[in-house]
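Q: Our numbering applies: residue 1 is where the sequence shown begins, and numbers increase by one.
In case anyone wonders, no lab produced these hints; they're calculated from the structure. Do not take every clue at face value.
Keeping only pairs whose Cα atoms sit at most 25 Å apart, straight-line, the calculated SDA-like set for lysine to any residue is [unchecked claim]:
no., residue 1, residue 2
1, K42, I105
2, K42, I27
3, K42, A54
4, K42, N64
5, K42, Y91
6, K42, S108
7, K42, N20
8, K42, L62
9, K42, S4
10, K42, S63
11, K42, T93
12, K42, V70
13, K42, R76
14, K42, T59
15, K42, N53
16, K42, Y106
17, K42, H29
18, K42, L56
19, K42, P92
20, K42, R3
21, K42, G77
22, K42, Q7
23, K42, T69
24, K42, V94
25, K42, L136
26, K42, Q67
27, K42, G58
28, K42, V12
29, K42, V86
30, K42, D14
31, K42, R88
Here are the computed distance ranges between Cβ atoms for each label pair [claimed, not checked]:
no., residue 1, residue 2, range
32, Y60, L135, 19 to 27 Å
33, E167, D65, 21 to 29 Å
34, G58, N20, 41 to 49 Å
35, Y147, Q36, 43 to 51 Å
36, A161, V12, 17 to 25 Å
37, N146, S8, 30 to 38 Å
38, Q38, P155, 41 to 49 Å
Ideal Cβ placement from N, Cα and C applies to all residues, glycine included.
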Amino acid sequence: MLRSLQQSVQQVVDEGRVGNVVFVRCIAHLSSQSAQLQSHLKDVIATVATWMNAPLEGTYQLSNDGQLTVALQCARGQTALVSVGVARDAYPTVDLMVLGNRGAIYHSGFEKTGAGSDAPPRPRPIPHSPPFGVLLVAGRRTHQENYATYFAADPRCRLVAVTDEEEVTP
Numbered sequence: 001m002l003r004s005l006q007q008s009v010q011q012v013v014d015e016g017r018v019g020n021v022v023f024v025r026c027i028a029h030l031s032s033q034s035a036q037l038q039s040h041l042k043d044v045i046a047t048v049a050t051w052m053n054a055p056l057e058g059t060y061q062l063s064n065d066g067q068l069t070v071a072l073q074c075a076r077g078q079t080a081l082v083s084v085g086v087a088r089d090a091y092p093t094v095d096l097m098v099l100g101n102r103g104a105i106y107h108s109g110f111e112k113t114g115a116g117s118d119a120p121p122r123p124r125p126i127p128h129s130p131p132f133g134v135l136l137v138a139g140r141r142t143h144q145e146n147y148a149t150y151f152a153a154d155p156r157c158r159l160v161a162v163t164d165e166e167e168v169t170p
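Make a model of the complete structure from these sequences and hints.
A: If you want it as structure tokens, here you go:
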């Protein structure tokens, strides 16, 4: 499953549909033994660096408590959070978010379609109930600075993060 997801994302990146990749979050729960996690982590890190089209400048281990979690920083400032662990129910799941400067890719994990089934996994439904997490990404003085106040005040929303150009005042 992880390999086909990597290929699908690579195709979207190669076609330029998300622009330059600036952030990746990948949380993978695999049907592997804990001893194989380090190998899987290295593969995911190499894949993320390929999507970002930049060499890694830093890798920072955040945890090693049965799930390996690292933060990555690439030479052109892109960042990633990668976590690999063993699936509790033995069915692999991957939660992936790729943010580019012109679009985003989001993939939520898989579940097996039926006991003993050889059918491919189907996507899990994503819950659609408040509060909704909001990430505001702005640049060149767009309207986002006005929206942040409204999203922060709305009880249906949870403002996760706000970002803008470096030279813009707070």
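Q: K42 and L62: Cα distance at most 25 Å?
A: holds, 15 Å
Q: Taking only the CA atoms, is the gap from K42 to I105 under or equal to 25 Å?
A: holds, 22 Å
Q: K42 and L56: Cα distance at most 25 Å?
A: OK: K42 and L56 at ~12 Å, within 25 Å.
Q: Do N146 and S8 keep their Cβ atoms within the hinted range of 30 to 38 Å?
A: Check passed, 36 Å falls within 30 to 38 Å.
Q: Does S108 lie within 25 Å of K42 when you go C-alpha to C-alpha?
A: holds, 21 Å
Q: Taken at face value, is the distance from the CA of T69 to the CA of K42 at most 25 Å?
A: Between K42 and T69 the Cα gap is close to 11 Å, so the pair holds against 25 Å.
Q: Within a Cα-Cα threshold of 25 Å, do K42 and V12 meet the stated pairing?
A: It holds: about 22 Å lies between the C-alpha atoms, which stays within 25 Å.
Q: Could you grab the alpha-carbon distance between K42 and N53 and see if it respects the 25 Å cut-off?
A: holds, 16 Å
Q: Given the proposed pairing of K42 with Y106, does the C-alpha separation stay at or below 25 Å?
A: It holds: about 21 Å lies between the C-alpha atoms, which stays within 25 Å.
Q: Take the C-alpha atoms of K42 and P92, compute the straight-line distance between them, and say whether it is at most 25 Å.
A: holds, 17 Å
Q: Next pair to validate is K42 with R88; report whether the Cα-Cα distance is within 25 Å.
A: Given that 25 Å is the threshold and the Cα spacing comes to 21 Å, the pair holds.
Q: What's the verdict on K42 and N20, does the C-alpha distance respect the 25 Å limit or exceed it?
A: holds, 22 Å
When held up to the earlier numbered hints, the structure conflicts with 25, 33 and 34 and fits the remainder.
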